[in-house]
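Chemist: Protein sequences, first through last, are from chains R and F. For the first sequence, the working numbering gives the first residue as 1, with consecutive numbering after it. For the second sequence, the working numbering gives the first residue as 1, with consecutive numbering after it.
These are calculated hints, taken from the structure and not from any lab test. Predicted, not measured: the structure shown is a model, and the values here were computed from it. Yeah, the Cβ is synthetic: ideal placement off N, Cα and C, and Gly gets one too. Treat the hints with care, as some may be off.
Unchecked claim - Simulated crosslink set (EDC-like; lysine to aspartate or glutamate; CA at most 16 Å straight-line): (1) Lys293(F) to Glu375(F); (2) Lys79(F) to Asp246(R); (3) Lys313(F) to Glu441(F); (4) Lys51(F) to Glu350(F); (5) Lys351(F) to Glu54(F); (6) Lys79(F) to Glu168(R); (7) Lys65(R) to Glu59(F); (8) Lys61(R) to Asp109(F); (9) Lys425(F) to Glu168(R); (10) Lys272(F) to Glu273(R); (11) Lys164(F) to Asp185(F); (12) Lys77(R) to Glu441(F); (13) Lys77(R) to Glu375(F); (14) Lys61(R) to Glu54(F).
Unchecked claim - To spell it out: a stretch of chain F is covered by chain R in this simulated footprint if at least three of its residues, at any positions, have a beta carbon under 8 Å from a beta carbon of chain R; those stretches are: (15) 210-218; (16) 267-274.
What the hints assert, rightly or not - Derived CB-CB ranges, DEER-like: (17) Pro176(F) to Met156(R): 23 to 33 Å; (18) Asp301(R) to Ala233(F): 51 to 61 Å; (19) Pro47(F) to Asp83(R): 54 to 64 Å; (20) Trp171(R) to Ala233(F): 50 to 60 Å; (21) Pro47(F) to Phe297(R): 37 to 47 Å; (22) Asp83(R) to Gly235(F): 23 to 33 Å; (23) Ile232(R) to Gln333(F): 54 to 64 Å; (24) Ala295(R) to Val238(F): 19 to 29 Å; (25) Ala243(R) to Asp242(F): 38 to 48 Å; (26) Met156(R) to Thr187(F): 33 to 43 Å; (27) Ala243(R) to Gly202(F): 40 to 50 Å; (28) Asp189(F) to Met156(R): 27 to 37 Å; (29) Asp301(R) to Ala296(F): 58 to 68 Å.
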Amino acid sequence: MADIAARNTAILEGNRRGGLHRLMQRKSTIAFLMALPLIVLLGVLVAYPAGYAVWLSMLNKSMTKFVGFGNFEFLFKRATFWDVFFQSCLFAISAVIFKAIIGFVVAHFVHNIPTKGQRKWRGMLLVPWVIPPAMSTLAWLWLFDPSYSAINWVLMHFGIDRIPWTGEANWARFAVILVNIWVGAPFFMIMYLAALKSVPEQLYEAASIDGATWWQRIWYVTLPMMRNIIAITALFSLIVTFANFDIVRILTAGGPLNATHLFATWAFKVGIESGDIPLGAAVSLFMVPILAVAAAFILRDITKRGSEV
Amino acid sequence: MVSKKVSRRRFVAATTAMSTAFVAAPFVRGAYAAGKLSVGFWDHWVPGANKATEDLIKEWAAQEKVDVTIDFITSQGNKLLLTTAAEAQAKSGHDILAMNTFLPARYADQLVPMDDLMADLIKANGNVNGTVEYLGKINGKWLAIPATVGSQIKGPCSRIDLLKKHAGIDIQAMYPAGAPPKADDWTVDTFLKAAEACHKGGNPFGIGLGTTSDNVDTIGAFFHAFGAVLVNAKGDIVVKNDQVRQALEYYKKLMAFLPADVPAWDDASNNKFLVSGQGSLIMNPPSAWAVAKRDAPQVAEQCWTHGFPVGPKGRYAPFLPFFWGTWNFSKNQSAAKSLLAHLSQSSSAEKMVNASGGYDLPSFEKLTTFKVWAEAEPPKGTLFHYPNPYNHQILSVAAAPAPHKIAEQIYNQGIQTMMAVRYYKGEPMEKVLDWAASEIEGFMRN
């Protein structure tokens with residue numbers, strides 16, 4: 001009896017070992033194990049802080065009581081919040097549109113440069129994107145300095161009056177958007193350039209044979225072939241631009257009169273500088289639903305086109 | 001292998017002997033016998049100023065046999081503020097941490113009361129001004145010790161030559177070195193006329209209206225001079241009062257004589273304005289003068305630090321104290337208090353003040369007459385009136401006497417400067433007051 005039991009246990013053990021062996025040989029298991037360090041890293045550096053931010057946003061100011069969505073309800077009633085909401089949308093949307101247009105145009109120029117000299121141009125044009133934004137924004141700060149602006153100094157030599165780059169609300173908005181475009185346009189350029197290089201030459205040849213103008217070639221050949229990359233780049237940039245902190249923080253610190261605050265800079269002002277961490281967390285989390293909606297629309301469109309293809 | 005068995009009897013005998021030896025042995029104070037202590041202090045921007053603090057700490061550590069770790073944390077990029085917030089959240093960190101202005105009140109629940117130590121210090125060094133008490137004594141308990149390092153008065157620093165040339169004011173005669181001020185005529189009206197004259201002369205006053213500390217401190221003192229309070233001590237919003245209207249009217253007139261870009265100024269802008277030779281007056285501790293001494297000696301030779309103009313409700317000057325606090329999760333609170341007592345002695349304070357070239361300002365009344373302020377030059381006596389040696393001014397902080405949690409937000413969000421800029425840019429007075437009331441209402445939540 002005891003022999004039979006022992007034999008059964010050995011068989012079970014063997015099966016279990018075999019099962020584990022098979023499991024380890026599965027591609028999905030190996031893929032999971034290889035991705036595990038990254039998953040752990042994301043869990044520690046992204047999921048945990050995000051979860052903690054959600055928890056913080058549901059506490060009262062002194063962080064002693066759970067208030068549910070109380071902080072969000074409170075924000076909806078604040079005029080400054082709606083100013084920040086407007087400014088964040090204005091900043092992100094206008095910057096992304098201009099970055100996309102400039103990136104598209106420059107990508108075409110670079111694409112048409114003979115291959116021999118193209119690498120140098122590509123390298124030079126990527127410089128604004130490669131420099132850490134905090135550093136390049138400091139250089140812009142000197143150009144826009146309220147009292148000693150280098151740009152104003154040049155303008156004055158042409159008899160043009162000084163421009164209050166960071167001292168007047170609309171000029172300040174213009175300045176932060178301009179710097180963001182300067183930093184981000186090369187990313188669009190390089191993505192579009194890669195996409196342009198993948199458009200089959202035969203399509204252009206066929207279009208030329210059909211007598212298409214340059215505009216028709218762009219409209220009917222280039223743009224449809226680049227649609228997915230344009231959508232993904234725009235989405236990626238929208239997320240990064242919406243969450244921008246460094247440019248505004250360094251250039252205007254949200255001023256004058258809160259006219260350039262974005263969600264991130266205002267969250268810092270409210271949460272860290274003014275000591276209301278739960279409200280600061282709630283402000284920063286407002287970006288999530290807005291970006292989620294934008295992402296859903298863009299990604300749905302990409303999936304739809306993918307299935308059409 | 002030989003195994004040696006220990007019998008129960010033998011084990012008991014050995015442990016008893018060892019315990020007896022430990023108990024009977026005399027206490028030998030070895031190195032670091034009194035444990036460890038970590039301190040996080042503000043990283044001074046005057047080169048070499050940290051050294052005095054470091055030496056004082058080492059001197060105390062050697063005497064008390066404590067192993068001390070010192071971190072000098074910069075306030076650039078809000079590093080010190082972020083460290084404080086992170087330590088409060090993590091309930092772990094330095095045993096002593098430097099905290100500015102409203103932070104003792106913000107972290108009141110997590111700080112160790114310092115009443116015993118403050119009582120001794122006040123007895124030895126004299127009383128502290130009302131602003132230090134407002135910021136450091138919360139609900140009747142001292143929660144932090146006013147620090148010498150980093151504390152400052154942001155009074156006017158004027159150009160002697162330009163005030164004389166454009167406005168006909170002899171500021172040295174008003175504030176003579178080594179003697180009490182003769183500044184009865186230095187009123188807010190005189191100040192406004194001088195601002196106009198200097199503006200016309202091409203050397204305007206450099207008073208910022210951004211939302212950073214220098215700008216907020218200055219407008220805060222002017223508001224106090226007019227008796228303009230936004231929230232009273234009980235926490236009631238009292239924005240709509242005549243004193244606030246008067247203060248805003250005054251600022252509207254003053255802003256017409258300031259550079260057009262002052263709403264965008266930060267804490268560096270006024271310093272640059274003075275050092276560049278353009279400005280005839282700024283509101284700053286002597287750091288701008290110290291930079292001028294190095295970079296533009298001809299400007300430094302003409303600088304004179306003095307008192308604020310008097311308003312209808314008094315002569316107020318902004319005082320921005322730093323504090324040293326100890327977390328209630330600190331593991332060596334007694335050593336922390338002992339170190340703070342050592343750093344707050346008159347001799348220690350004098351060493352720190354000297355190392356900072358007169359920038360640092362102790363909060364205790366008997367510690368405002370060190371030689372460094374009388375001897376600083378050029379010109380000789382330029383800093384004599386900086387520490388308010390004759391209590392000529394009431395030292396204040398913007399947004400007081402509002403309850404701390406409201407005042408902190410009024411201060412940090414620059415409500416007063418934004419009110420002034422809005423009104424100056426043409427927004428009707430009542431709309432400005434409504435806006436301020438609505439913003440402050442948002443700060444009332446608990």
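Chemist: Compare the structure with each hint and give your call.
Modeler: Do the hints match the structure? See the list:
1. Our distance criterion of 16 Å between C-alpha atoms is met by Lys293(F) and Glu375(F), whose separation comes to about 15 Å.
2. A hinted pair counts as satisfied when its Cα atoms are at most 16 Å apart, and Lys79(F) with Asp246(R) qualifies at roughly 15 Å.
3. For the proposed pair Lys313(F) and Glu441(F), the alpha carbon gap of about 26 Å is over 16 Å, so the pair is violated.
4. At roughly 13 Å between alpha-carbon atoms, Lys51(F) and Glu350(F) fall within 16 Å of each other, so this suggested pair holds.
5. A threshold of 16 Å between alpha carbons decides the hint, and for Lys351(F) with Glu54(F) the separation of about 11 Å falls inside it, so the pair holds.
6. About 29 Å separates the Cα atoms of Lys79(F) and Glu168(R), which puts this hinted pair outside 16 Å; it is violated.
7. Pair hint Lys65(R) plus Glu59(F) does not hold up; C-alpha atoms about 45 Å apart against a cutoff of 16 Å.
8. Annotation: proposed proximity of Lys61(R) to Asp109(F) holds, straight-line Cα distance about 13 Å (limit 16 Å).
9. Between the alpha carbons of Lys425(F) and Glu168(R) the distance comes to roughly 10 Å, so the proposed pair stays at or under 16 Å and holds.
10. Among the hinted pairs, Lys272(F) with Glu273(R) is inconsistent with the structure: their alpha-carbon atoms are about 25 Å apart, more than 16 Å.
11. About 15 Å separates the Cα atoms of Lys164(F) and Asp185(F), which keeps this hinted pair within 16 Å; it holds.
12. For the hint pairing Lys77(R) with Glu441(F), the CA-to-CA distance comes to about 11 Å; that is within 16 Å, so the pair holds.
13. A threshold of 16 Å between alpha carbons decides the hint, and for Lys77(R) with Glu375(F) the separation of about 56 Å lies outside it, so the pair is violated.
14. This hinted pair does not check out: Lys61(R) and Glu54(F) have alpha carbons roughly 37 Å apart, beyond 16 Å.
15. Requiring three or more residues with a Cβ within less than 8 Å of a Cβ of chain R, the coverage given for the region 210-218 of chain F holds, as 3 such residues are present.
16. Restraint check on the region 267-274 of chain F versus chain R: 3 residues with Cβ-Cβ distances below 8 Å, three needed, restraint holds.
17. In this structure the hint that Pro176(F) and Met156(R) lie 23 to 33 Å apart at CB is violated, the actual value being about 42 Å.
18. Here the CB-CB span from Asp301(R) to Ala233(F) is close to 58 Å, well matched to the stated 51 to 61 Å.
19. At about 41 Å, the CB distance of Pro47(F) to Asp83(R) disagrees with the hint of 54 to 64 Å.
20. Distance hint check: the CB atoms of Trp171(R) and Ala233(F) are about 40 Å apart, inconsistent with the given range 50 to 60 Å.
21. For the pair Pro47(F) and Phe297(R), the beta carbons lie near 55 Å from each other, so the given range of 37 to 47 Å is not met.
22. Hint check: Asp83(R) to Gly235(F), Cβ distance near 26 Å, so the stated range 23 to 33 Å holds.
23. For the pair Ile232(R) and Gln333(F), the supplied restraint of 54 to 64 Å holds, since their beta-carbon distance comes to about 56 Å.
24. In this structure the supplied range 19 to 29 Å is violated for Ala295(R) paired with Val238(F), their Cβ-Cβ distance being about 47 Å.
25. In this structure the hint that Ala243(R) and Asp242(F) lie 38 to 48 Å apart at CB holds, the actual value being about 45 Å.
26. Taken as a hint, the range 33 to 43 Å holds for the pair Met156(R) and Thr187(F), whose Cβ atoms sit roughly 37 Å apart.
27. Ala243(R) and Gly202(F) have their C-beta atoms about 44 Å apart, which keeps the hinted 40 to 50 Å range intact.
28. As the Cβ distance of Asp189(F) to Met156(R) is approximately 35 Å, the hint placing it in 27 to 37 Å holds.
29. The given range of 58 to 68 Å is respected by Asp301(R) and Ala296(F), whose C-beta atoms sit roughly 60 Å from each other.
The structure shown violates the earlier hints numbered 3, 6, 7, 10, 13, 14, 17, 19, 20, 21 and 24.
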